[in-house]
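Participant: Residue numbers (the numbering used here), protein chains in the order written: chain A, 20 to 220; chain B, 20 to 220; chain C, 20 to 220; chain D, 20 to 220.
Any given hint could be a false lead.
[Unchecked claim] Okay, the calculated bits of chain D under chain B, using three or more residues with CB under 8 Å as the criterion:
| hint | region |
| --- | --- |
| 1 | 123-129 |
| 2 | 152-164 |
[Unchecked claim] Below, a sample of chain C positions facing chain D; criterion: calculated Cβ distance under 10 Å:
| hint | residue |
| --- | --- |
| 3 | T95 |
| 4 | I147 |
| 5 | P189 |
| 6 | L193 |
| 7 | E194 |
| 8 | P198 |
Since the hints were derived computationally from the structure, they do not count as laboratory data. For each residue, glycine too, the CB sits at the ideal point set by N, CA and C.
Protein chains: 4
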Amino acid sequence: MRVLITGFEPFGGEKINPSWEAVKDLPEKIDGVKILKKELPVSFKGIKEKLPQILNKTMPDIVILTGQAAGRANITIERVAINIMESKKEDNDGYKPEDEPIFKEAPAAYFSTLPIKRIVKSLRNNKIPAAISNSAGTYVCNTAMYVALHHIAINNLNIKAGFIHVPYIPEQVLEKPQPSMSLEMIRKALEITIKESIKDQ
Amino acid sequence: MRVLITGFEPFGGEKINPSWEAVKDLPEKIDGVKILKKELPVSFKGIKEKLPQILNKTMPDIVILTGQAAGRANITIERVAINIMESKKEDNDGYKPEDEPIFKEAPAAYFSTLPIKRIVKSLRNNKIPAAISNSAGTYVCNTAMYVALHHIAINNLNIKAGFIHVPYIPEQVLEKPQPSMSLEMIRKALEITIKESIKDQ
Amino acid sequence: MRVLITGFEPFGGEKINPSWEAVKDLPEKIDGVKILKKELPVSFKGIKEKLPQILNKTMPDIVILTGQAAGRANITIERVAINIMESKKEDNDGYKPEDEPIFKEAPAAYFSTLPIKRIVKSLRNNKIPAAISNSAGTYVCNTAMYVALHHIAINNLNIKAGFIHVPYIPEQVLEKPQPSMSLEMIRKALEITIKESIKDQ
Amino acid sequence: MRVLITGFEPFGGEKINPSWEAVKDLPEKIDGVKILKKELPVSFKGIKEKLPQILNKTMPDIVILTGQAAGRANITIERVAINIMESKKEDNDGYKPEDEPIFKEAPAAYFSTLPIKRIVKSLRNNKIPAAISNSAGTYVCNTAMYVALHHIAINNLNIKAGFIHVPYIPEQVLEKPQPSMSLEMIRKALEITIKESIKDQ
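Model the full structure from these sequences, guided by the hints.
Facilitator: In structure tokens:
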């Protein structure tokens with residue numbers, strides 16, 4: 020079995036992205052399962068091009084995409100990705116879509132195929148604040164989740180996939196009264212997410 | 020030189036109070052200065068009775084009161100305590116004052132005599148989110164800060180005093196989307212606060 | 020042409036529901052188009068049973084569902100309804116689903132077929148705070164939006180449909196620091212929403 | 020008897036200030052009492068110079084200062100003004116004080132001498148969301164409240180004084196999800212505040 024877990028590069032003026040900071044130091048194996056790690060670009064077009072290639076190349080059994088959710092206080096397990104790209108802020112390529120479908124003629128949405136309820140329960144049992152989220156927004160995170168699930172669906176692949184949003188880490192909010200979570204706790208949350216996802220297989 | 024640092028007992032249905040959790044494990048000495056630790060009751064009357072006694076008994080050079088601030092995301096250094104007690108929720112003695120002065124005929128307010136700006140700067144330099152707060156509320160925390168500063172003022176004592184509010188720790192907000200901070204970071208924040216306060220003397 | 024516009028009955032301990040308060044006093048005709056008004060039950064099962072019947076009976080060209088969104092400060096035009104029912108609070112029938120599809124084997128989501136972007140623009144032009152929302156939640160509002168769009172889709176009906184969330188009105192938040200909007204402004208917002216939706220036809 | 024009520028000029032990039040918009044259209048007399056209205060500059064220095072002059076010239080029995088509170092959802096009756104000026108944003112004179120007393124050697128704070136609890140109760144009875152606030156911040160609003168109360172105190176004047184913060188009005192938040200209140204309701208709130216303050220005399 021193989022798990023692919025991704026984080027994003029920094030964006031929006033931040034120097035780091037806590038999702039990739041947490042992913043990059045995960046162990047190589049968890050519960051005997053190989054963990055592949057990839058840093059994804061904060062680019063609508065980049066995601067549409069590269070994420071299917073990465074999936075084809077690595078052929079994981081499980082793919083867990085992670086990203087930074089400014090303002091959220093807990094680990095949020097996304098329930099659904101919707102077929103829309105919209106942003107007031109440019110992505111790292113300078114692109115700023117408005118009300119644009121990710122793929123024309125494709126389904127309105129896909130639900131996560133990770134065991135989202137069990138992940139939340141396991142995180143809380145491990146003293147990590149967590150909840151289901153019903154919107155991954157319309158920025159690159161949602162696009163990544165949609166692209167992965169759509170690629171899996173249209174190619175009939177046997178891959179479970181979903182998205183985890185993580186809070187800022189403290190060093191990103193030194194001067195702003197915004198919630199954060201320690202990098203250590205985020206990393207532990209991702210390990211637990213992987214363990215719960217593996218159990219399902 | 021002696022530093023007295025206090026935390027509160029749990030209240031409002033919580034099982035722990037992060038202020039006391041952080042205080043109780045501080046080292047016995049910081050920068051060569053003896054650290055005295057006390058757990059305070061969440062009681063308007065208890066504070067008015069016991070805090071002056073504790074100050075008289077321990078005769079510290081510096082007193083740092085700490086308490087839990089539900090909903091706040093960062094360490095907040097209180098600027099001012101006001102002469103009022105008011106609460107919609109009962110304290111741990113079942114008391115619920117409305118618009119009642121802490122002491123009649125006493126000043127409207129006292130400013131913290133800790134180096135509040137330097138503490139904020141030092142916390143941020145140590146990668147801990149921090150800010151000045153202009154209101155310690157009207158619950159027992161504000162009362163404690165006011166009682167300490169008033170006792171010092173009317174007795175002409177040479178003691179610096181102030182109040183630090185700390186966020187929830189993660190285990191308190193497992194199921195609610197409220198900000199928290201790791202206990203380890205809170206403890207480090209209190210150590211830095213003590214170090215900065217000592218420098219002043 | 021006929022427009023059907025609905026509001027919900029009160030729920031969650033509230034005495035009124037601002038959505039129905041605003042809907043019930045709309046004029047009988049707007050821009051020459053007949054306006055039909057219905058109050059819907061806050062009931063997952065009730066919505067699944069009655070909403071298709073109402074649509075079959077009234078056969079509107081446009082259906083605008085409206086509901087109360089606690090905590091939101093502006094008029095929010097929902098973009099998407101998802102195939103899930105989940106709630107920690109009971110509906111008015113005492114039902115509290117967890118992670119349950121509205122319809123098994125049905126699409127994950129439907130997008131609103133109202134001109135959502137133009138409605139937002141027109142509301143703002145009329146000095147009414149407004150925005151697109153990417154989540155109608157997982158309570159009865161989302162269910163109503165999904166049920167309407169699904170009924171229209173599977174029966175190939177030529178009806179545009181969507182959902183508008185409205186804030187509390189001031190009398191609901193007298194003692195809580197939560198955003199509200201005047202009933203007059205909400206009513207005006209619904210009129211503008213109807214006018215913009217009609218233009219499309 | 021005479022009531023002086025003030026609002027502020029716009030600041031921070033806003034085109035209007037809801038406090039002055041509401042004040043300027045108040046009737047000339049309320050319950051038989053003459054209402055004097057003044058627009059104040061958003062200037063730390065301007066307030067310190069002009070507000071005492073205005074008080075000396077108009078010699079009101081009651082002075083009600085009002086200002087805009089970005090982000091607040093209800094009418095807030097300020098309890099206390101503190102002897103500090105601090106701001107990250109410049110005032111309309113380009114001044115940006117840091118941790119500076121309004122007056123050296125002056126008291127730390129003054130409590131409002133308006134019947135703040137009765138005002139809140141009366142507003143709520145009139146279906147207007149309202150609450151006591153324990154901090155008027157450290158910007159020009161707090162300075163105005165402090166300057167008025169200090170001037171009254173040191174000159175032993177028989178004037179009741181206090182500060183009312185009002186929310187944004189809807190046209191200020193068309194594109195941001197921030198709370199607002201209709202100008203009509205704000206105006207009504209100020210009338211009720213005046214009526215309650217008069218009763219006290």
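Participant: Now look at each hint and say whether the structure bears it out.
Facilitator: Cross-check of the supplied hints:
1. 123-129: Holds, because 4 residues of the region 123-129 of chain D bring their Cβ atoms closer than 8 Å to Cβ atoms of chain B.
2. 152-164: It holds: at least three residues are needed, and the region 152-164 of chain D offers 4 whose Cβ sits within less than 8 Å of chain B.
3. T95: Holds. Min distance 8 Å.
4. I147: Check passed: Cβ of I147 of chain C comes within 6 Å of chain D, closer than 10 Å.
5. P189: At 5 Å from the nearest chain D Cβ, P189 of chain C passes the 10 Å test, so the hint holds.
6. L193: holds (4 Å)
7. E194: Holds - the Cβ of E194 of chain C comes within 10 Å of chain D, reaching about 7 Å at its closest.
8. P198: With a closest approach of 4 Å, the P198 of chain C hint holds.
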